[in-house]
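K.L.:
Read off the chains here:
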Amino acid sequence: MSQIQSKPAASAANSAAKTGPTYSQLGMTWHFLKGCTHFFVLSIIGSFLMTLCEMLIPQIARSLVDSVIGTKPFTFPAFVTARIEAIGGVAFLRSHLWIIATLIVALALLIALLRYATNQLNNKGAETLQQHMREDLFSHIQELPFSWHMENKTGDIIQRCTSDVERVRVFIAEQLTSVVRIVIMMGLSLYFMFSMDYRLALVAALSIPIVIGYSIFFHSKIGEHFMEVDTNEGILSTIAQENLTGVRVVRAFGREEFERERFEKQNNFYTGLWVRLMGLMSLFWGAGDIISGLQVLLILVLGSVYCVNDSLTAGEFIAFLSYNSMLIWPVRHLGRVISEMSKAGVSIDRIRYIMNSDTEHDREGVPEENRRPDMHGDIVFDHVSFSYTPDIPVVDDVSLTIKAGSTLGILGSTGSGKTTLMHLMNRLYPLEENSGKITIGGVDVADMDRKYLRQNIGMVLQEPFLFSRTIAENISITNRQMPMDDIRRAASIACVDEAITEFKKGYDTMVGERGVTLSGGQKQRTAIARMLTQKAPIMVFDDSLSAVDAETDAKIRAQLHENLGESTVILISHRVTTLMNCDQIIVMDKGHIIERGTPAELMELGGTYRHIYDMQLSMDDDEDEGSNASPAAVEGKEV
Amino acid sequence: MSENTQNAASAKEEKQYVHLPYFGLPKLVPYVKPHLKIIIGMVLLCLLAGVIDIILPLFQQYAINHYVGESTLDTIGWFIGLYLLILLIQTAGNTYSSYLGGQIEMYITRDMRRASFNHLQTLSFSYYNQNSVGYIHSRIMSDTNRIGGLVSWSLMDGVWNMSYIVGTIVAMLLINWKLALLVLVIVPITSVASAYFQGKLVKYNRRVRELNSQISGNFNEGITGAKTTKTLVAEERMNEDFNKTSREMTRTAVKTSHFRQLFVGTISFASYLAVALVLWRGGYITMNGLMLIGTLSVFTTYAMNMMEPIQWVVRAISDLVTVQVNVERFTRLMETESDVADSPEVIEKYGDAFHPKKENWEPLHGDVEFRDVSFMYPDGDEYVLEHFNLKVPQGTNVAIVGETGAGKSTLVNLVCRFFEPTSGQILIDGRDARERSQLWLHSNIGYVLQTPHLFSGTVRENLLYGRPDATQEEIEAAVKAVSAEGIIERMDKGYDSDVGEGGDLLSTGEKQLLSFARAILADPRIFVLDEATSSIDTVTEKLIQDAINKLMKGRTSFVIAHRLSTIRQADVILVVKDGKIIEQGRHRDLMRQKGYYYNLYTRQFQEETMQQISV
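Protein sequences appear in the order of chains A and B.
Counting along the first sequence from 1, when you hit position 256 you're at 442 in my numbering, and nothing is skipped either side.
Counting along the second sequence from 1, when you hit position 253 you're at 280 in my numbering, and nothing is skipped either side.
Next comes chain B alone, as it looks inside the complex (with noise of 0.2 Å):
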């Protein structure tokens, strides 16, 4: 089965592997023309970096040729001189040009991260239903990351190590011609094997890279189905699964390592070979007198020190043919267009997600009415709504019940405008929601979700989230209609203490009741709870749903209930199975019916009895 699963990856990665042209770097203009004056001033420098590293091997050669050769000592202050300020020149190009390197990487990945959030601001929840978080994450953080380190590292690499053998060759050329020939035969025969070494090793570490999720996975596995694996006994099964996979890795990294071996092997045999060649036939051209010792020391010198650099063009080369998968993504996100989106008239009037033009927005109301609306999510294949029709006016509660899974919040997704009918009209205050802005809507809407959100951040910063301009008061005040006061109470800094990453260092319902508070401070015409109430004890939930029921007096209100009988007097309710509204009306007519509701309601009727006869 682990053959099955690594397939399966291995064809997924493949399938993200679209070659683009120019290994995309096309795609980056973007982002690396506001930095061009930074890039040619990294460039200039490192051409410098690398004639001064052709230079500092010829001060060698004076010295042998000149003091030793002639034994003088003559010329010695201007040697150690000259000396100096080439050294000094060298550091403070290297150092600058490094900098550089490093503004040019941090700068590109800065504004592409910054380009791909504000474009996720703006996609649309099939985006979102599409792709998982840790996903789009990784878009943001890792892709980003790579392409700029990758862009900026491999041109410094490749500039300076290009600029270090064009130089290298043309010394060699001009101290001896001949002799340079000999040494240049060796070139070819390394950069072909460092093209071909270098594409091994791309495989096989992006197979090594595969593993190691799959490792980690199989720890995830291990750890939190440990309690099922004890039931069954079935530890040793598991053992051997994961040393199967274990054992891989082990191999796929030996054989990555032989690879890189080779080639380091291979590099080191030519700079040796190139030695010999430059001592054996230099070596008579010296004898001749056709040449100083000194001179055939530095040749040595260049002939050694050639072949590394070609293996780090190499390398340059094949770390932006690895790249392109990253731009590739990215570029795949950048390009991902939203499906639902404001037309130019309505930003023109309206203003867009980061300028509103608040001026224009006309007060919301709250009549909500579906016309004919036919929905299929995006990516589905199926219509989960067909010619639906429901008028919703002003005032009316609006409960959706079905099981987990079955597609409840379909209707709350197309009333918030989270999505939008594939045909019919949603109408608000009887004009098409597609009239105004997304954010004129969803500034009147008060969402409370199942898992509450919380940033982290403050108590207060997050109750201020849907409107920052509230006072003390108005906080204080949306607190106690949800009896929240008592977890402000026992934090050690009240309103100002943190609440962790996520809300982590709250309980499920500390977090459920304030983002209520936090919905009900935004003072939204319409209400939209989901399954908001499941994590709080039964005492408190009463109070809340007193609240709640005070609040929701005059709002419109959508509630997708878990505990159905917090729903009994909804004005109407919803039943909702794999995915369609199979029943509606009001909870006696659907008592009546005897069908599913009915079930849904006897089931957990059960359930709760028994937490009532315990309490």
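Pulled out of the complex, with its shape left as it was, chain A reads as follows (with noise of 0.2 Å):
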């Protein structure tokens, strides 16, 4: 009852314990960029320097045409006119054109070297970029609390950590800077044409819009013939996926003529709508050469004409088709990046949902001796309650306190909340207010710092987890330096290191994908020796041994026994057997505890405990009867 009143006033509270900032689209791309921006200032103060240079270059050229192979004055600064003149002036220049074609050199290699410059810091920038994204991605997903990671489907994050992150990267890194360069190259251009004869710069500015305009058109059009073309990929490659993964079923029921028939008819509907989309791309890309070809013609039919009537120079003219040159193909890319630009928007939410939600925190003005107190006290469960989704209670009203050194049994059916209260205790799901409290030595585990209480208590969860490492590393995950004596000592405790060993590279084996797969029962006692490596003063161990056989759990029990020492031990089984010899058992079923006491007391009891107990029991005694042994709850099942 208690935590169905308390669930408005928790649900407050997390609100208001909101610990990480909250990023808006504009914040969340200025903090990864926080950083990496000089790279990209830098490389946008030298890709203006560049285009300067090459800008220079039909300069040259046209005074060459012009002034040197034709009588025009030079039309340079008065300071350069002043130092031709000094080395003996256009005659000069006549008999040594190598000095003008290695200053065009010269300039050449300068572009080069500007343009390594450039892309290399742009790449250096958008490279920390990602690196920022992604690093601060992982290890806040690292820290996100448990129930985060139970709520969201794993592809669906490493799609966000992967291609949204490229996306970012592509928008930041590729797209604002190629946007930047280009109005570079265009302002640039257009000075220099404009200096040279306004009317015709005139015209080529006036195509800038068109382009543009046409581009932007073009690309947000095809933009949806191509989700279209994407959404029938999906399907295709659906229908290969399932052929793939149902291969058993389609051999078994003979559906391979319909299988081919499927995807037949999909791979050929998907290839005519790309062939479609080609179609209207190559129309379109024809489309746009016109409207540049038109543009060229113009100039090159004015520039004619001013030229005849001598208000321009054939060098100017010249010059001037150069600089239209430059000027056509940025422009119509830039149509492309700025229709492409507004997919990024949807990337950056994506990734801001993975950053904005709230890590786990330890609560703020404990003191300090609060945070990290000694462990080896007594572990008291105080009047605690849990539900995951409100009204349906999985762990109801628990009181329970375990003494510091003794060893605690628990016994329930899936779903009766041991787990969950396990978890409760190291905090992978927090408590919620006033729906109790757990102490340890007289500490509330909320006060502690969560790092300090899970490395206090040892938890061997029940689908043991083993990373794609080395089963040594796998064992001394906690501790990089682990000594190899000390991993061995665990995995002998832990019954698994003759298993190991019998392996071609023993310790060395690679777990996973790449390696060996492990069986149930090793990968429990690997992941029981990776616990022990901890040496935690408390060691939860849940339902750890289901998958090892009768004889080896008993042998595992026995060596824990005697190495556990003064640890405080919970044992979570379904087996009696496992649990008889413990301090203390507690029975739990539908979230409370239906019994609790001594094995003793509660063979005395004669509840569920004892039930269990004389089933399993006359298992082992009554075997010759065979099926006469059995329960009638077991017998109801059969026709």
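Derived from the structure by calculation, the hints contain no laboratory data.
Any given hint could be a false lead.
Said to hold, decoys possible - Computed footprint of chain B on chain A, listed as stretches where at least three residues anywhere in the stretch have a Cβ under 8 Å from a Cβ of chain B:
1. 301 to 311
2. 327 to 336
3. 439 to 448
4. 502 to 516
5. 640 to 652
Said to hold, decoys possible - Each computed BS3-like pair below joins lysine-lysine, with the alpha-carbon atoms no more than 27 Å apart:
6. A/K529 x A/K589
7. B/K604 x A/K741
8. A/K690 x B/K254
9. A/K623 x B/K254
10. A/K637 x A/K721
Here the structure is a predicted model, which means the values were calculated and not measured.
C-beta: ideal position from N, C-alpha, C; glycine also.
Could you fit the two chains together into a complex? Lean on the hints.
P.N.:
So, in structure tokens, the structure goes:
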């Protein structure tokens, strides 16, 4: 009852306790950009200088044509003209054309260097940015509460951390910077064009909005078709995927022909869509070609007219054509970039969803000694209640004291709340306000540093997870410097040393996809060894010997008993025999403790524990009578 | 350790990288040949496009030499008209050739996809066991895509740019051969530099891809292992290790970019070098009145524009080199032969997987016999069955038990002829299974899997999968037999409701019930149940158990059981451990033996008693 009333208060407390910053779209972008902006700024400056140099070459060529080969005076600034006069003027240059050629080569070298530096800086910035994003995301995900992991699909999160990160990188490092570059390029081109002939420059400039506008229109139009093609590629891919995963079903029902037709149909449909899209794209590109071709023609004709009536020199005309060709491509590209930039917003939002999710946090304003107290104390559950979804309690008003150094056994069916109780203790799930409290040595676990708390509670999970590393690295995951002796010692206590040394590479055997597949029992025992290296004062074995046969189970328990020392131990199991040596046993059902006491007391009580004990023990004693020994509950299933 | 895995990964990649003669292109002939007409059309158009690209600067030359040089506008009308005409031809040519290029890409890809998909339908399960779904899937989807794309666009880029380069050289030689030769000195330099850098780039790009998949893998592990990381307080360690990979990625990517930028820089320098050379020597020639200013200008344009196409041609060649990896993988799939194949005589009589001759099919009665069967998985090195004999008369209920991964599926795989015995025979109705077609056998088997597999589509489509011509009454009867009416009623469109990709919109239990109904609807003579009821609640399970027992009467059945309590009255129980049958008999006999089965049974019993108590 109590947790139902406490719900609103708890959620209010939760939202008030928001720890990390909440990022807006811009804020998020800025956050990732921190530490790499200088790359981009330097790159843009470099790109300005490079463009300037590129623009100088047509000027030099123009002077060569007009003033060296032709007879027009130089139009350079006075100090340049003065230098030319100093070395012997046009006559000298006419006989020493190599000077101009060298000048161009020198400029070309400078351009090449600047281009290298510019692009390299930009890429360095881009890679650093992407590195920031993925590292921030990874460590943030590590710190997110366990409930968050339960609520979100792995595939979706990975998608956000890889594809969306990539898209944001492209947006910032390629699209944003190329917009800046293109604008610089356009500005400089137009500057030189206007400085030579404002009439022609005006014609060239007027075409810019037309080309950009057309380009944006084209790319957004194409975008819709791309979506359709993408969707259909997805369908085709799914058909193939389902055919492969369901290959047994296909064969067992003999439906190869049907599958072939289904794939064929979608394959043809998808191909048709693509070909249509290619047709459209070709048409659009063609139209773009015509627009820029007409612009060139207009400038060619007008330029010729102006040259004929002497308002433009031949050199200027040639230079003008160079600038114009420098202008056209970036402008067409700009439209494309602008139309694609809109997609980035969605990706930023998808990343923001992760970064704005609240991480786990510790309570504030707690006295320092309570953050890291001595953990060798009694564990007390005081009226603890918990539910994942409102109104359906998983743990309901549980009170329990576990004496320091004692062993507690928990018996209960799946879903009775035993695992949740353990997760509440190490705060994988935080207790809400007014839902009771859990103390260790008198200190509320909510007050403790959560990492300190977990370091001191060694826990072997029901379904052990091993990392795709070597077995040695898995066991020593909590301490990189762990000596091999310690690793092996832990493994032999968990009775897995022998199995490991039988592998070809022993402790260096890789686990998981790239290596050996361990059996369920081997996994569980490796996880036990890993936990033992923590040397924690509190140890929890959550049904962690279920895949091990009874004999090994007993052996491990005996080994543990010798080596656990002062530790407080909590054992969760289905096997009565496993629990028989516990100091205290509780039986849980539907979130409640229904029985508690020493094994002897519970036997005396004659309740559920006794019942299970009788059934399981009777299996061992009366097997000769075969099925007669089976309880009615199981018999009931027979037909 | 990350060092180790990286080496392992690259070694694996290296192994796949086998050099085929001529970049593996001859292997593609069957897929290219049908589209030869389109390809020839595209090549011709590309040649035309290259030539027009060369003609266009001549307009500039003419305008400067004639109008500007001679101060006259006499032919301006012709000039505009001709320019427009060329522009139109060029645009039409470009448009059409890129459309054709797209067609070539898509058609080649489509044909290869179809061929690989169809081939996969005939491959035996040993192929599926040795290769993950993800791996096979990317053969059908990615490799074909890459081959189609690269073959088509490399061809287009190659032809277009080659024709432009050759045309430009010819044009320059015609205008002034001495000046042209001067420019041509740069061409080999550019080509060599391109080849060098392209080689480096291919190598580094491969490393970047490897690191990329490693990073995705790390994310996957970081997310699925979150609970373990938290309880072990290994967050720091995970972060450190991730950052190590992440930093290496950054370093490699920057290094890749370093080579790419050097490449770009070199090409741009070569272009300007050509311009400088032309202006220097060409300037003298022009001053001496041997060449007009407009001609100098167009020569400059040619010289400058020639360097980039060289880069593109080199790129096209290197793309063809890299695509051979994909060709190799694709070819290996296509050349894999099924180790379970019907003989020509059998196909002659019973038809193949796509063209069954149902009129010749005999009815299947249901006697199965293993006669001296020895079996070793094609990728294994140990016999999992040796001289195994078992008679399963029609109507017998065979149960197979053992731990997860013990090899319980082997027998079932043999019965279904998903694999064939290494030696010995499996007889169906007294005749060797190989005497009839696979499709004949499969059409008579009802198969329900542990992880039920539904296809995207409606409930009805899925139910009809095994028997497309069933009537609505028959469907409903089958659904009722497994007590799945509730599921259908709950769905908003009843039988026409969508089940989602792989049946994702349904729970595992619901999927199991439907796949069960699907098998029943097919009315098979032999039933195979693979732990079929593991995700259904106890009440429903009881209902289904009843239905199964009713339906299995009179049919031969093989049940791979997880809950041992459900198979206690099987006619024969086979106990499997480490891939071998270690015990065999009825429940009572096996319990009395006090062997492995006894252990399995008691352990499970302890867990089941817990469930029974709390219900």
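K.L.:
Taking the numbered hints from earlier one at a time, note which ones the structure violates and give those numbers from smallest to largest.
P.N.:
6 and 8
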